[in-house]
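Each protein sequence line maps, in turn, to chains R and A.
The first sequence lines up with residues 614 to 1070 when you count with our numbering.
The second sequence lines up with residues 791 to 1123 when you count with our numbering.
Worth flagging that the hints you see were computed from the coordinates, not collected in a lab.
Please note that a few of the clues may not be correct.
As the list claims (entries may be wrong) - Here are the simulated SDA-like cross-link-like pairs (lysine to any residue), alpha carbons at most 25 Å apart as the crow flies:
{"#": "1", "chain 1": "R", "residue 1": "K762", "chain 2": "A", "residue 2": "E794"}
{"#": "2", "chain 1": "R", "residue 1": "K957", "chain 2": "R", "residue 2": "R851"}
{"#": "3", "chain 1": "R", "residue 1": "K762", "chain 2": "A", "residue 2": "N876"}
{"#": "4", "chain 1": "A", "residue 1": "K1019", "chain 2": "R", "residue 2": "K957"}
{"#": "5", "chain 1": "A", "residue 1": "K1019", "chain 2": "R", "residue 2": "Q1056"}
{"#": "6", "chain 1": "R", "residue 1": "K762", "chain 2": "A", "residue 2": "Y1035"}
{"#": "7", "chain 1": "R", "residue 1": "K762", "chain 2": "A", "residue 2": "A1072"}
{"#": "8", "chain 1": "R", "residue 1": "K762", "chain 2": "A", "residue 2": "A1065"}
{"#": "9", "chain 1": "A", "residue 1": "K1019", "chain 2": "R", "residue 2": "G945"}
What the hints assert, rightly or not - Distance windows between CB atoms, simulated:
{"#": "10", "chain 1": "R", "residue 1": "G682", "chain 2": "A", "residue 2": "D1074", "range": "22 to 28 Å"}
{"#": "11", "chain 1": "A", "residue 1": "D1009", "chain 2": "R", "residue 2": "Y871", "range": "30 to 36 Å"}
{"#": "12", "chain 1": "A", "residue 1": "Y1071", "chain 2": "R", "residue 2": "E796", "range": "22 to 28 Å"}
{"#": "13", "chain 1": "R", "residue 1": "K977", "chain 2": "A", "residue 2": "Y1071", "range": "51 to 57 Å"}
{"#": "14", "chain 1": "R", "residue 1": "S665", "chain 2": "A", "residue 2": "D1074", "range": "42 to 48 Å"}
{"#": "15", "chain 1": "R", "residue 1": "S1067", "chain 2": "A", "residue 2": "E1017", "range": "44 to 50 Å"}
{"#": "16", "chain 1": "A", "residue 1": "E1113", "chain 2": "R", "residue 2": "Y1047", "range": "42 to 48 Å"}
{"#": "17", "chain 1": "A", "residue 1": "E1036", "chain 2": "R", "residue 2": "E796", "range": "25 to 31 Å"}
{"#": "18", "chain 1": "R", "residue 1": "G675", "chain 2": "A", "residue 2": "K1019", "range": "35 to 41 Å"}
{"#": "19", "chain 1": "R", "residue 1": "A844", "chain 2": "A", "residue 2": "N1112", "range": "39 to 45 Å"}
{"#": "20", "chain 1": "A", "residue 1": "K1019", "chain 2": "R", "residue 2": "Y1047", "range": "25 to 31 Å"}
{"#": "21", "chain 1": "A", "residue 1": "E1017", "chain 2": "R", "residue 2": "T678", "range": "29 to 35 Å"}
Since we're looking at a predicted model, the values are computed, not measured.
Just so it is clear, CB atoms sit at the ideal spot from N, CA and C, and this is done for glycine as well.
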Amino acid sequence: MSEISMPRLSDTMQEGTISRWLKQPGDEVKKGDVLAEIETDKATMDLEAYESGTLEKILVQGGETVPIGQAVAVIGSGSGAQNAGAEPAQQPAQEPSPAPATARTATEEAPAAPEPAADSKNQAPAAESTNVQQRVPEIAERSDGASIKVSPLARRMAEEHNIDLHQLQGTGPGGRIVRDDIEDYLEQRGPTPSTATPETAPAAPPQEAPAAAQAAAPAAQPEAGAPPPDAEVVKLSRVQVLIARRLTESKQTIPHFYVSSEVDMTDVLAMRQTFNASAGEDGVKVTVNDLIVKACALALEKFPEVNSSLKDDQLIKYKRVNVGIAVDVPSGLVVPVIRDTNIKGVRSIAREAKELIAKARANKLSTADLEGGTFSVSNLGMMDASNFIAVINPPQAAILAVASARKQFVPVDGQPVIRDMMTMTMSADHRIIYGATVARFLQEVKRMLHDPYSLLG
Amino acid sequence: MMAEITYRQALHDTLREELLRDENVLLVGEEIGVFEGSYKITAGLLKEFGPKRVVDTPIVENGFVGMATGAAMLGLRPIVEIMTINFIVLAMDQIVNHAAKIYSMFGGQCPIPLVIRTPGGGGQQLAATHSQNLEVWFAHVPGLKVVAPSSPADAKGLLRTSVRDNNPVIFLENLALYNIKGGVPDGDYMVPIGKAQVTKEGSDLTVISYSRMSAVALDVARRMEEENKLSIEVVDLRSLRPLDYETILNSVRKTNRVIVFEEDWRSYGVGAEIAALIQEYAFDDLDAPIKRVASLEVPLPYSKPLELATLTGAKQLVESINEIAPRRRRSQS
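With the hints as constraints, model all of the structure from the sequences given.
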């Protein structure tokens, strides 16, 4: 029998949400089978079984969020599925689950050491097994929902602030509720007098609220600025919470400035038609955005200060040019990255972009798809936007907002001529990039779009 | 006025000043006179004060600690040097069964104003029998006081207080501290026994330590504050017996998270004692289990790489701080 714990799926991941279980208790599982889908701060990923057996018990239900390392399920021989309560006794014979690798090392070392004690972390065998026995009942209690693991300080704070601990999700070791969680909760709840209890707050008779809205409303929300009873309250997904935090951080900490430029896209559109016609039936069609991405990538080669990041008092100039493309998805916005965009041909870029967009819409992007971007392009051209400006995607230093190409009269040799004109606006981090640089960068992008065959080199 | 001097110099100067101040004060130990001390703490003192005040002894620890105890019973104020704490094992009977007990067993007829100075600590490739940290043995015994200064200033202040105290005091030094420098107040500077010191204020977690590890902890805490913005409070115990509950508990109430950082072995150690007292008196202030960071429980190897791997130090402390620091503070870094 062994526990499956919440894996660390990205560098920034602190906790994960089980989106849904694909296996149910009692199901046979083989090593490599996908047990569940996990939503992290960046993407949705599969939780695979590391060994074969029977899924005996699900400890964390779909929709619940737990910190990395916490047990989410138990896989066993199948005998334990019916009498789940008996497992603590079996546990000491198994590897202590939260850190199987370390535990294994310790047991390997033990026979070689002349003295019983070998390591300050895994002192004597006796101490080790005590730890395991302590850990197991805690998990069992938690899965029953009968008792909650909470630090003494957090318990005291909860009492002082009238907080029902059942409303909180602990992020300490083993899901323990700690001071951080109480503080998070208090921040969320806002500055309310601690005497205000949920019963005294809302005026609307709760019976009349639609059942769905009641279910969706987070338990934390009633006191300050409660929404009207007819409003729908939707809890943000983890991705949406992350987007909200990142964008706020970007706008609050990065001094944005903006430079716009109009580009004549007539030749680009013409070339694209010819180019796609030659691609044949099942060839990948190149989009206008792919060409703009390529133009940006080539311009970034020439303007390394745009392809950079500010970190403390250092300017980090990236050698590689990885352009991210903003993709609109049901849950918000994601920016998958096309790596080494400057050295890829437009057809490769087009193929990759298409795959990434499909993955994004299916919520299948991996962390690798989302990491390492050095610049972003956001395009609302298909949605008839005449002009817009974008928020920088940190730690990048700039983002290009691309609007629609529209037929306009422009003077050519003193005569009005109809051309396809498009406005693009660059948002840049003024701490490291200056107006003239952005203007020159845009000139370079524009030069290539006016001479679109230069993009095919 | 503050002079920048080494820990060694602070000890030397204080011994000399005490010898000058009170003619009942005398030094006793192996190689402290003609050879001027294995670690040169007593350099020049035999020449200045003569063989009655600076007494070279045979290699017989139980004998000369017994002699010093007898001298203390009769009103002298001996300061014994045990070359390193490893040799104190030979004098356990005199210290534990006699020096620590005579005052209370004989109706308070005579106090024992005895100081036993001795350095502990590893890291000098002196191998298992010459690198130990045995101070907790003495901190366990009622009737003894145990002090462990980590800075030149405390070395001076605590040594003066120890010499003038009427109880037997184990004065713990450390081989790796002798050459560290620091400001030392001039004049009759005294540090009370039984009083810890917050050497650095902080709000995210507390590192409690003593002797050399306290100096290491202070350094780590300053560095991490600069690099990671973690605000770490450092409590230097300075005295292991009596232990300053108040300073420890105040810090726990402030930061709610505690690491005890000690060079000795972990089992039954200083960390165990402190963890026990914290849960007893400040249980409701704890936000995480108390973490003990100590050396590996093996006889210390001679080989340099193995010695380094065995002894605890800054690296282990940094790892533990990263592990135990509160999430909200970590995510800001």
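Going down the list of hints, with the structure as the test:
no.	hint	result
1	R/K762 <-> A/E794	51 Å, violated
2	R/K957 <-> R/R851	33 Å, violated
3	R/K762 <-> A/N876	45 Å, violated
4	A/K1019 <-> R/K957	41 Å, violated
5	A/K1019 <-> R/Q1056	42 Å, violated
6	R/K762 <-> A/Y1035	28 Å, violated
7	R/K762 <-> A/A1072	18 Å, holds
8	R/K762 <-> A/A1065	20 Å, holds
9	A/K1019 <-> R/G945	33 Å, violated
10	R/G682 <-> A/D1074: 22 to 28 Å	26 Å, holds
11	A/D1009 <-> R/Y871: 30 to 36 Å	47 Å, violated
12	A/Y1071 <-> R/E796: 22 to 28 Å	24 Å, holds
13	R/K977 <-> A/Y1071: 51 to 57 Å	54 Å, holds
14	R/S665 <-> A/D1074: 42 to 48 Å	46 Å, holds
15	R/S1067 <-> A/E1017: 44 to 50 Å	46 Å, holds
16	A/E1113 <-> R/Y1047: 42 to 48 Å	43 Å, holds
17	A/E1036 <-> R/E796: 25 to 31 Å	27 Å, holds
18	R/G675 <-> A/K1019: 35 to 41 Å	37 Å, holds
19	R/A844 <-> A/N1112: 39 to 45 Å	43 Å, holds
20	A/K1019 <-> R/Y1047: 25 to 31 Å	30 Å, holds
21	A/E1017 <-> R/T678: 29 to 35 Å	30 Å, holds
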